[in-house]
Each structure stands twice: as structure tokens, then as C-alpha cells.
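Engineer: What follows is each chain in one-letter form.
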Amino acid sequence: MRIKTILLFWLSAAFLQTPANAQGLLKKVKDKVNQAVNAAGATPASTPSSTNSGNSNRNTGNTTGEGLVITPPDVNENLTSAETAFKSGNYSEARYSVQQAMLGVELQIGHQVLKSMPASISGLKADTTQDKVASVSWGWQGLTIQRTYGTDAKRLNIGIANNAVLLQAVNLYFTNGGYAESSNQQQNWKQTKVKGNRAVIEFDKSTGYKLSVPLGQTSLLVYEGINFATEQEMMTAANQLDIDQIKKLLGEK
Amino acid sequence: MKKLFLLSIISLLTSAVFSQEFAKQVTTARSAYAAGKLDDSRFAMQQMLQEIDMVIGKEVLKILPTKMEDQMASTAKDQVMATSGFIGTSIHREYGTGDKMISLDLITNSPLIGTFNAILSVPFIANTGDQKVIKIDGYKAVVQKVGSNTDKPDYEVQLPLHNNLITFKAPGYTQDQVIKMANTIPATQIAKMLQ
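For the record, the sequence lines run as chains A and B.
If you read the first sequence in full-length UniProt numbering, its first letter stands for residue 1, the second for the next number, and so on.
If you read the second sequence in full-length UniProt numbering, its first letter stands for residue 1, the second for the next number, and so on.
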């Protein structure tokens, strides 16, 4: 029974960690439902009804719309709401407001980190249209920041995860000297240093170089170098990031 | 009567301490934010969340039943522990002592538990010989056999409420008794407080 419970928890974790997989699963379920409906003789979802004028535009694809206005939560406003809710004993509302305020602050931290990154690295220009800052404002996943340099021909992806509880374990793993790489004729994993920070560099023929650098207690910086010729080229690119400034912005020592 | 009065005073004093701490953290968060020290501001907010979780935990303990079957609540053993993120806050209540000690544990705001609800709806996992899905106060829950004694098994109930999980253990009682006791847990009220 205990094993089953543990299994269920890991299953839960897997669902949480891989939203992309969950979406894939949902799509499969949706496809199966559509197949079942079509097999039962219903009108296929993609075929517009010509007899019912009221529903004729039901399946028309969207062709316009400005999207959503970017409105990060107002930190001061949410702190005031939290204070008021707490005083009146409405604790769940207070909790929500504090989480919103944290979300506002974390998004600002993320954008500051992106701003601190260079406009180009090793001749690869930053593709700021790919910049991403995401936060769940508390625990588990924390704040994630992404930046891409270059094009499909040669690319450097930079990802930063901050304030995620699981990273404490990751950092312990990386910073513990007891974990030594095993070597054989084809070494694909080894420990290294980036600007004085301990790191692990990996190479895979299909995905290229991956360099993971734990920052402080709860942050992890990951570089992915696609079509980089050598380890040295990858390390030179990695060293162009101002890691100290990023640590400072994230509140890491 | 005297004990009740003392408990009320202690409860009021505890609330006042939490309020003061919360107000202090709000001030810190505001001033750090105004000074552009975003991480310090965020840290103060994390402290605020912990304060809120502690207060919510105490409030939840107040609305739990004072008695389960023939066992009185051991309120002196009540526990609330607020941790950061991953695990959430844990709330513990015991009823009675010895072999038939009943316990109620509540883990709140754990992102891991959110998907437990989804698992409950998977029939082959949820309904086996050792466990079955029941409803408590309108919420789906699982009652399951535990322990190695096949002649007289013990039962426990797991009740997920959004991102919270209540585990109710009552060794030495029958399945029907355990379900009956679990049904006295004010799940709707707890869910509202924890949402």
C-alpha cells in the first residue's frame, strides 16, 4: 500500500513537471472523443453545418484580436489587500493577495535578469522575442527565466530556475564533491567551473552541449549550446554572462 | 470553565503575536520594494505566507470535532507546522490515547496533492479490494485497509481538498465506524478556509 502511495505521488509529480506531456495526453483524449463521435455518425467537428445558420460560424478559426493586455500584479495594491484581509480574518484572501504581490515582484526580478544579459554572446544575437519569465510565486517550481541567442543554425539557450524548493536537492547533488563522474572512452559528463561557480557540462550528439550551474541555495542556471563546435567554444560563451549580477538580482550568495 | 478561559486567553495572545509579525513583514516588504530591493521584498512576503499558513492552521484546528466516537480530542497535542512551498503546512490533531488513538493530519497547499483528485477519478486505481471511493461532505475520498492484520484490518481515509490532503487514521475501528467518524470532519468549511 505504501509503495502504491509513493507511486501515486511520483505520478502526480510527473504530471506537474511535464505540462507539455499533460497537454499531449489531453490532445489524445480529445482526438479519441472526436473519433468516437464521428464513428457514431455525428457531424465531424471540422465540417461546418450548412442547414443551421445560427451555428454556421461555430468552427471558424480566429483571425483577429490584440490578445491580452500585459498586467503584472500591482505589488503595493496587493500588499494593502493582504493587510486588510488579514486584519478582517479573511485569511485565504490574504494568502491570495500575498501570492499576487509575490508574483508581481518575481516577474520584475525576471525582467531585470533578462535586462542584465548581454545583447549578443559569441557573435550570436539575443532573440528577445523568445524571452520568457514565468512564476508560480511560491514553492515547487518558483521563478523561471529564459533567453535565446542565435538562430536555428547555431543557438544558445539560457534558462534560469530560481526559488524552487526542489533545487535545494539539485544543488546538494552538484556541489557535493563525492559525486564523481565515471570515465570511459567517450566521456559525456564532467564537472567544471564557470566564473568560479561549480558546474556540470554534458554532451549529447543529438542535443549538443548542456552546462548546468547551481547558483547559491535555490537557483540553477542552464546553458544549452546547439551546434557549438567544441567544449571550449561553449565555455567561452558561458563565461560571457554576468553570473554575479544574476545572483545578486536573485538574492543568491 | 477556568481551563476554557485560559485557553481563550492563550488563543487571543497567539493571534495578537501573529498579527504583529504579519504587520511587521508587510512593512518590510513595502519598504524593500520601494527601495528596489526586490529579493528582500519577496523574502518578507514568503514570511507573510508562513504567518498566514500558521494562522489558518490554528483556525482549522478550532473547527475540527472535539470528539470522535468515544475519544476526546487531545488539544494539548495539536500541531501546526508551516513549511515553505513543496510540502505546505501540516496540521495534526489526535483523539484519545493508546492502541485506539485516532489521528487527523492535514497537509495544505502542497502542489503535489492537486493531482490526487485526478487519480481518484481513475477507476482501476481508486477501487480495488483494499480501497474504495467514498464521499465526505460532498468531496470524494478514499477509505483503505492498512496494516498486516487480515482478520481485523485497520482503516484510514484520505480526503483531498484541492491542494490539501486530509489523512484520517482510526486503528481498531471498523470500516463503517471510520467512515462515520470521517463524515464529522467539516470538509466544506476547511476547504473554504484553505482555498
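Just so you know, the hints here were simulated from the structure itself, not pulled from any lab data.
Be aware that a few hints might be false.
[Stated by the list, open to error] So these bits of chain A aren't anywhere near chain B, every CB distance computed over 10 Å:
{"hint": "1", "residue": "Ala82"}
{"hint": "2", "residue": "Gln108"}
{"hint": "3", "residue": "Gln112"}
{"hint": "4", "residue": "Val133"}
{"hint": "5", "residue": "Asn163"}
{"hint": "6", "residue": "Trp189"}
{"hint": "7", "residue": "Lys205"}
{"hint": "8", "residue": "Glu231"}
{"hint": "9", "residue": "Leu249"}
{"hint": "10", "residue": "Gly251"}
[Said to hold, decoys possible] Calculated lysine-lysine pairs in the DSSO-like style (CA-CA distance at most 27 Å, straight line):
{"hint": "11", "chain 1": "B", "residue 1": "Lys152", "chain 2": "B", "residue 2": "Lys67"}
{"hint": "12", "chain 1": "B", "residue 1": "Lys67", "chain 2": "A", "residue 2": "Lys248"}
{"hint": "13", "chain 1": "B", "residue 1": "Lys24", "chain 2": "A", "residue 2": "Lys87"}
{"hint": "14", "chain 1": "A", "residue 1": "Lys248", "chain 2": "B", "residue 2": "Lys152"}
{"hint": "15", "chain 1": "B", "residue 1": "Lys152", "chain 2": "A", "residue 2": "Lys253"}
Computed from a prediction, not measured in an experiment: that's the story for all the values here.
Ideal Cβ positions, reconstructed from N, Cα and C, are used throughout, including at glycine.
Engineer: None of the hints should be skipped; say for each whether it holds.
Structural biologist: Going down the list of hints, with the structure as the test:
1. Not every Cβ of chain B is farther than 10 Å from the Cβ of Ala82(A); the closest lies at roughly 7 Å, contradicting the non-interface assignment.
2. Not every C-beta of chain B lies more than 10 Å from that of Gln108(A), the closest at about 6 Å, which undercuts listing it as non-interface.
3. Distance check for Gln112(A) against chain B: the nearest CB is about 7 Å away, which does not clear 10 Å, and the non-interface claim fails.
4. With a cut of 10 Å on Cβ distances, Val133(A) stays outside the contact zone with chain B, its closest approach being about 13 Å.
5. Taking the minimum C-beta to C-beta distance to chain B, about 8 Å, the non-interface status of Asn163(A) is violated against the 10 Å cut.
6. Here Trp189(A) stays apart from chain B, with its beta-carbon at least about 27 Å from theirs, past the 10 Å limit.
7. No Cβ of chain B approaches the Cβ of Lys205(A) within 10 Å, the least distance being about 35 Å, so the stated non-interface status holds.
8. Separation of Glu231(A) from chain B is adequate, the least Cβ-Cβ distance of about 33 Å exceeding the 10 Å criterion.
9. Distance check for Leu249(A) against chain B: the nearest CB is about 7 Å away, which does not clear 10 Å, and the non-interface claim fails.
10. Separation of Gly251(A) from chain B is inadequate, the least Cβ-Cβ distance of about 3 Å not exceeding the 10 Å criterion.
11. Taking the CA atoms of Lys152(B) and Lys67(B), the gap is near 24 Å; set against the 27 Å cutoff, the hint holds.
12. For the given pair, Lys67(B) sits about 53 Å from Lys248(A) by alpha-carbon distance, which is inconsistent with the 27 Å threshold.
13. At roughly 13 Å between alpha-carbon atoms, Lys24(B) and Lys87(A) fall within 27 Å of each other, so this suggested pair holds.
14. Only pairs whose Cα atoms come within 27 Å are accepted, and Lys248(A) paired with Lys152(B) is rejected, the gap being roughly 60 Å.
15. Restraint check for Lys152(B) and Lys253(A): not satisfied, since their Cα atoms lie roughly 56 Å apart, outside the 27 Å limit.
Of the numbered hints given earlier, the model fails hints 1, 2, 3, 5, 9, 10, 12, 14, 15; all others are met.
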